[in-house]
Amino acid sequence: MEEKKKSIWKFGTREVVFAAIGAALYAVLGYATNMLQLPGAGNVSIRPAVVIPMFFGIAFGPIVGFISGFVGNILADLLSGWGFWFWWDLGNGLMGLVPGLFAGMIVDYKAVKSLLLGELSVILGSGVGMGVASLSEMWVSGADMNTVIFANFIPSFVSNIVNGLILLPILMVAYAAVVQRSGRS
Amino acid sequence: MLISWRYKYRNSIMDKIDPRARWIFSFAFLLSATMFWNASFLFIFFTLAVIWYSFGKTKWKETRHGWFLVSIMLFSMIVINTIITGGGAGGVVPPGGRVIWPQQFTVPLLNWEINFGLTVERLWFSLCQLMRLGGISLIFLLIPYTMDSRAYGATFHGLGMPDSVAYTMELAIRFIPTLARDLSVTLDAQKARGYEIEKVKGGIFKKIARIAPLLVPVTMNAIIGSEDVANAMDLRCFGQAKRTWIYPLEYHWWDYFLIGFSALMLVGSIIAAHVLNLGGFWTPEWFLNLFV
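Chains as they are written, first to last, in this note's numbering: chain L, 1 to 185; chain U, 1 to 292.
Output of the computed footprint for chain L on chain U, the stretches with three or more beta carbons under 8 angstroms from beta carbons of chain L:
no.	segment
1	29-40
2	218-226
3	230-244
Note that these hints are calculated values from the structure, not bench results.
Even for Gly, the Cβ is constructed at its ideal location relative to N, Cα and C.
I would like the entire structure built from these sequences, with the hints used as guidance.
As structure tokens, then:
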């Protein structure tokens with residue numbers, strides 16, 4: 001039987017709900033872990049929840065991934081009372097969008113190739129997302145490149161890829177079981 | 001886990017301003033303030049931000065948690081990166097300048113030699129940074145405390161977002177208490193099985209992996225449950241016609257005034273910074289003379 005090609009840019013009713021679920025999950029889990037600030041790193045906290053936009057991107061496409069990260073980060077900051085930091089929200093959105101670009105290549109979520117693609121997407125997504133957010137600090141705070149790299153980019157990038165590399169394969173394998181049991185994709 | 005929004009009605013000026021006008025003003029302020037390193041302009045923006053913040057009628061007790069984060073950011077950007085290492089001043093403050101702290105500094109007892117070299121210009125730049133970042137923080141920190149979360153969907157729709165994206169925001173807000181409860185129930189259930197999230201043993205990798213028994217069931221249950229929500233929305237013909245909102249927004253004359261003011265501020269800033277070239281950094285003579 002010919003495999004049906006996934007359209008990664010579709011944004012219908014299911015995608016609206018998945019994006020909302022992803023954003024709410026990211027907000028709730030982000031809120032629960034917002035208290036863990038990295039010492040000496042401006043605006044950065046350790047959030048195992050960063051895997052949520054990455055996973056929702058991989059599973060449901062780049063738009064769902066972007067909204068999960070972007071809206072989820074806004075809501076987590078609103079819940080924590082940390083204000084609204086647009087450039088970091090955008091960075092979190094990109095962290096979900098980039099893995100979403102790999103969604104079309106992944107059919108079997110527990111296959112080794114899929115897991116490796118997922119891990120690659122974590123690194124690229126964190127690099128692009130945190131890169132954009134960190135570089136915007138040059139514009140807002142007047143920080144120079146060294147400051148941006150060492151105070152913003154490296155702490156957030158390293159923290160996010162460690163969380164993503166460990167937790168994304170676990171979520172992908174669990175989702176493969178859900179897909180297999182329910183017959184949905 | 002108890003999750004609650006920070007917003008509460010305070011009968012303040014901010015409560016009477018349309019959220020769309022507030023977003024427009026906030027972004028116009030961000031774009032305008034970031035065009036300047038000139039202290040005179042930054043002082044005007046900072047004063048404007050203080051006035052805007054006072055409209056919210058928030059109490060220190062409510063906002064201190066948010067200010068804690070902002071103070072970490074300000075400390076790392078201003079004290080560490082500009083004053084101590086000089087990093088934050090790169091590209092804006094011209095090299096050289098009048099040194100007001102010894103170039104070489106020996107740490108007593110340890111005999112470590114540190115090249116510090118704090119200049120008057122860097123000190124002035126840190127004041128400019130404080131006004132610029134402080135002003136932006138005042139504007140954006142206020143949002144969670146003074147903007148009703150029920151109005152987010154209608155607000156973003158009113159600002160030009162497609163219905164589906166604005167509705168996603170509404171739906172996400174609706175899911176938050178449900179997912180927080182699921183997380184709490186799952187945590188209790190796992191703890192009953194001997195799961196210890198607080199266990200301090202093990203490295204960072206083990207600690208992150210320890211989140212999985214909590215993360216996986218909550219995420220998978222949410223995905224499975226979302227099918228019912230999607231079906232219910234399809235049955236009600238979601239996306240087939242233009243949406244209406246439970247909390248419709250209405251502009252008043254003061255909202256139009258605020259939007260007009262925001263537009264003027266932005267256009268004025270563009271002209272001042274990019275046409276008249278008044279936005280650059282400079283240290284006033286009186287400040288230099290303080291350190292003679």
